[in-house]
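Since the structure of chain S is provided, determine the placement of chain V on it from the hints.
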Amino acid sequence: DTEVTQTPKHLVMGMTNKKSLKCEQHMGHRAMYWYKQKAKKPPELMFVYSYEKLSINESVPSRFSPECPNSSLLNLHLHALQPEDSALYLCASSQVDMGWVNTEAFFGQGTRLTVV
Amino acid sequence: GENVEQHPSTLSVQEGDSAVIKCTYSDSASNYFPWYKQELGKRPQLIIDIRSNVGEKKDQRIAVTLNKTAKHFSLHITETQPEDSAVYFCAALSGSARQLTFGSGTQLTVLP
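One line per chain: the protein sequences are S and V, in this order.
Every number in my numbering is 498 more than the matching position in the first sequence, counting from 1.
Every number in my numbering is 35 more than the matching position in the second sequence, counting from 1.
The shape of chain S in the complex, shown without the other chains:
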């Protein structure tokens, strides 16, 4: 299984809603990532989890809250988002070898989020 699975594929939410994005991989990868991608722009790193611990938080607003319940799952909890948060949210995972990430990141299909 070389897939990273994200749900839902599309999400429309109001600014007062709480929702969660989910990501799952069964490749044994111990690094997992959340990226935000706006149209015609590169993926922008939000969070990195390594061995289920948050290792990088790229100054993301607190209305985005990541969670890594186990080595296969990664969630992104959303609360009180703004219209400018509308984007494609991509999850990815990588193999970690002796503490180093040295291989490709496998991306999920993404969740197209629209905040109204």
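Dumping the calculated DSBU-like pairs for lysine-lysine here, alpha-carbon to alpha-carbon at most 30 Å:
id, chain 1, residue 1, chain 2, residue 2
1, S, LYS507, V, LYS77
2, V, LYS72, S, LYS534
3, S, LYS538, V, LYS77
4, V, LYS106, S, LYS536
5, S, LYS539, S, LYS520
6, S, LYS520, V, LYS72
7, S, LYS534, V, LYS77
8, V, LYS77, S, LYS536
9, V, LYS77, S, LYS520
Derived contacts from chain V toward chain S, CB cut-off under 8 Å, selection only:
id, residue
10, GLN134
11, SER139
12, GLY140
Hints in this document: simulated from the structure, not taken from any laboratory.
It should be emphasised that the depicted structure is a prediction, and the values quoted were computed from it without experimental measurement.
Ideal placement from N, C-alpha and C gives every residue a C-beta, glycine not left out.
What follows is chain V alone, placed relative to chain S:
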């Protein structure tokens, strides 16, 4: 942190011609350089990668070259086809930082 610059931002070629996209990086500790292709509405997908101990790698019509001294790497696509039309992103990985930094992307259009 790492900074990756990518050029050109748009590239149009005739079917059958070659396309070259260039990237430079700033962090000499970066040791892995993947190239991703992203079609409209789809996920980025790896098309080729190269590690810092290799100068060139080829896979059919696609090749990547790396110059560690100059800190630049390039993607070469030969005999381009309309289905090669997409956005291409270069990236650089600093292993200790566990962080992949992307270039700004190149919209490649192959004209039939």
